[in-house]
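Novice: Protein chains in written order, with our numbering: chain Y, 1 to 138; chain C, 1001 to 1421.
Keep in mind the hints are simulated off the structure, nothing from the lab. For clarity, every value in this text was computed on a predicted model and none was experimentally measured. Warning: the hint list may mix true and false statements.
The calculated SDA-like cross-link candidates involving lysine to any residue, where the alpha carbons are at most 25 Å apart (straight line), are [claimed, not checked]:
#, chain 1, residue 1, chain 2, residue 2
1, Y, Lys109, C, Lys1041
2, Y, Lys73, C, Thr1141
3, Y, Lys9, C, Ile1145
4, Y, Lys57, C, Asp1169
5, C, Lys1050, C, Asp1265
6, C, Lys1228, Y, Thr69
7, Y, Lys57, Y, Ile121
8, Y, Lys57, C, Arg1284
9, C, Lys1225, Y, Ser105
10, C, Lys1295, Y, His43
11, Y, Lys111, C, Gly1337
Just the calculated beta-carbon pair ranges, DEER-fashion [to be verified]:
#, chain 1, residue 1, chain 2, residue 2, range
12, Y, Ser27, C, Met1344, 44 to 50 Å
13, Y, Gly124, C, Ser1048, 56 to 62 Å
14, Y, Glu136, C, Glu1285, 56 to 62 Å
15, C, Gly1069, Y, Thr8, 22 to 28 Å
16, C, Val1131, Y, Leu26, 56 to 62 Å
17, C, Gly1389, Y, Asp90, 53 to 59 Å
18, Y, Ser105, C, Ala1007, 57 to 63 Å
19, C, Asp1188, Y, Glu16, 40 to 46 Å
20, Y, Asn80, C, Val1131, 19 to 25 Å
21, Y, Lys117, C, Glu1285, 51 to 57 Å
22, Y, Asp103, C, Ala1087, 27 to 33 Å
23, C, Gly1352, Y, Glu136, 43 to 49 Å
24, C, Gly1389, Y, Ser27, 58 to 64 Å
Covered by chain Y, per the in silico footprint, the following chain C stretches (three or more residues, Cβ under 8 Å) [what the hints assert, rightly or not]:
#, segment
25, 1124 to 1137
26, 1276 to 1289
Heads up, the beta-carbon is just placed ideally off N, CA and C, and yes, glycines get one too.
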Amino acid sequence: MSDCKLETKTFFQAIENEVLIGSRCLSCGHISIPQRYICSRCHSTEAERLEFVGTGKLAAFTVIYVPATEMMKAGYDSKNPYMVGIVTLDEGPRISAQIVGMDLSDPAKIKIGTPLKMTVIERGPEEQRRKFLAFEPL
Amino acid sequence: MTAKKLARGVAVAGVGMSKFGVFSDKSSRDLFVEAYQELRKTVEKGLSPKDIEAFYLGNFSADQFEKQGHLAPIVASWIGISPVASARMEDACASGSVALRQAILAIASGQYDVVLVGGLEKMTDLPTAAVTDALASAADTLFEIPAGFTFPGFYATMATAYMDKYHADPDAFLRVAIKNHENGALNDKAQFNQTIKDVMAGKKAKAEQKGQPVPTWETEMDFLKDSKANPMIAWPLRLFDCSPVSDGAAAVLLVSEDVVSKYTDHPIYVAGIGQASDGALAERESLTEVPSAAKAAAQAYEMAGISPADIDFAEVHDCFTIAEIMASEDLGFFPRGEGWKVAMEGKTSRTGEHPINPSGGLKAKGHPVGASGVAQVVEVWKQLQGIAGARQLPGSLRYALTHNVGGTGQTTVVHIFEKRN
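So that you can see chain C by itself, here it is in the shape it has in the complex:
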């Protein structure tokens, strides 16, 4: 299948996100109001809510997390945009990017000029075991979950295949965690607004305060390999290899090229889009990569007319550290089997040759699943506008890529954005 160009140009005219974290006093709609309020402030020439023609909301499972189905019209009402057409999109952790993609296609079709895209999840009302079970429903509940799989278990399984095939050192996974926490420490919206060193210092101070023996870790690796401080979840993945359970919302305003000048003189254009699907993990031709990611990326690159080397930075779906390493290969930034080495060498840090997850990624920023794909666009917009503050990437930036995975790769959505001027 060749990637046709969009029939009409689509641009991002504003973005917003709530703080990500654990908010026991807020419901999902409160979080979305926070994101939407921020979005309105970022639309350079202002947004009249009456201009919004449709609302596409990415949400995995408010049904399970909050016992609330039919979320889109409720959220639309809460931000005062009823009676616009409002629909919820669900493809597990890729729900946010799927909503974005459907909005892009709707604008490109000529049907709408102004569409609001949301991503939203409120996960922390449930106890952890119930959250694990809710997330497990994104896998094949007949043939995968009865084997005993959990989501960390799936990615750990891919990690053992990867380690075996490429003789990879699992220290590389921990390097991803260290890097993403370093970035998250510079993001005030992040759930973990702390470096691993900050986490260590906090735990030492707490032990001293309580008169308990103070841990003797010196380096981050000492801490990350301490089974008490960083317990094994699913071998070889430990707690700090896993993204957290989170609450959060994100919003993106998409407009057609025909009306963009009404909203901003600094639009970020959608340059390429891609999406692919796959069966259960065991059925795939390879366990050391995510085939749907490579396929989605190929579509997006073809549509944008660029190659992986043209991408200045990427926000990728690091639900687990191994996922970021595989993504760095699936997206073509590095050859197969090299992803773990470049993670060790720091090539994906903010100052490296291929910066990945300057926002802190899902790992440090948090992973309210339906919001994650939309929040990736929030970071892309901030970086391309040059307003990312302390974590602003160096140099002039033109192309950015987002990569959002559902399940173990039953869905992957890739978007490429371009700053044109």
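The following block holds chain Y by itself, in its conformation from the complex:
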């Protein structure tokens, strides 16, 4: 293995520093997010850490009115819904994230293809408060 800094936790450590990371296969060039030790295209185990620019486009989304428990604790409910989506990064791969800074009053008006940039959102009770990956309009 060329780079032992590809453990899952390094992704979250990078998010704490507001950096979005993945991996690039040194054999075939395939880019993965989250990072992978083993290339899903050519099966090579030679991979390097890659920092994404952090810009991309909205590929698909939803606005959630009945939240998961953690999101309920973060203050979301049917009157205060939140948006999650899948973002196609400019480098190619896709990632799931909360989408902030969008007008959610009429989800039908939200456009797939909307340019987005990476940000972070802090959630969780005080002692477990941490940063989560999010995207906002560019």
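Since the structure of chain Y is provided, determine the placement of chain C on it from the hints.
Specialist: Chain C alone, transformed into the frame defined by chain Y:
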């Protein structure tokens, strides 16, 4: 990978299921006893429990739902078949079909001749939020759930991609709900044994009884688009786009072709099997289809030596209405982008050209997750035997397909069954 034929023929010799619904006074093992008792009555020439050589149980998460691990030997004991080898299979909502598949492979290998397959889930002991969290553990809990996804949210996300790509009208999703409730109304095992019109009439009667203003809905669409009656869960999916939280059990008796005549003169054969896996939703090449479903189906068709046009009807995994529409394309019944149109046109109704979910599907029959894949085979067996009663499909039926999805498609299992005579 080419689909090899099974090394030995495998047939369904009997089926049973509990009623699906909310049963606060029953534990999971009680539900399985109900399903097993029914199964024994359906084995034409009788089943001696001593003949059962192994028990494969599909169950997603009794650990979370009932704080009970190690479920298979407990259930085996409860139906009196200890000490047969008993194992639980878990692949989220596809657990039931995975258990079925492993039993098929075990019989085909020559190891066993008679295997009991179960599917079981008791979900309603927990409050809804805890059920949502338990189900969320079927997704990637490191990279998907922290984004805020719920299961309705995942399928809603696929729905927005689908609507964008094919300019689909979300009314098509509600049409799936109307159709599956129409079928479920004819299934006395269904959790929602009611058409949408029945639901509307019930709510109107209740309002009148309470002296409240009576809702003015005229059509099913009026009701389904009323945000008070049918609230948004995850845009564009509303409550009636979602399958319910359910308790239930189902059972299937599988036997080898070598011993089948001891049990029945009317077996239903396994003609093709397929299973495929995938990564998290965001990693897939397409968000408007379930790639593992298309791959599993291709294996099953190849093994059966037939094409999608040969399938007389299918029981598909309609955990959400959009899932049925995507399945109708993934399974090759309709071209990509046409699934929503044919749902609008009624082509998947019981009298349509490609009937889907005559049982009422997960939507109306209920979705006790580990039981769903096995319960699909219960419907296939009833329809192919011509004993489905008021919901019996017209015409002579030969091939039926089941499609059972785990998560958002990290697992899909497809089976094709054939009536030979």
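Novice: List, from low to high, the hint numbers that the structure doesn't satisfy.
Specialist: 1, 14, 16, 19, 21, 22
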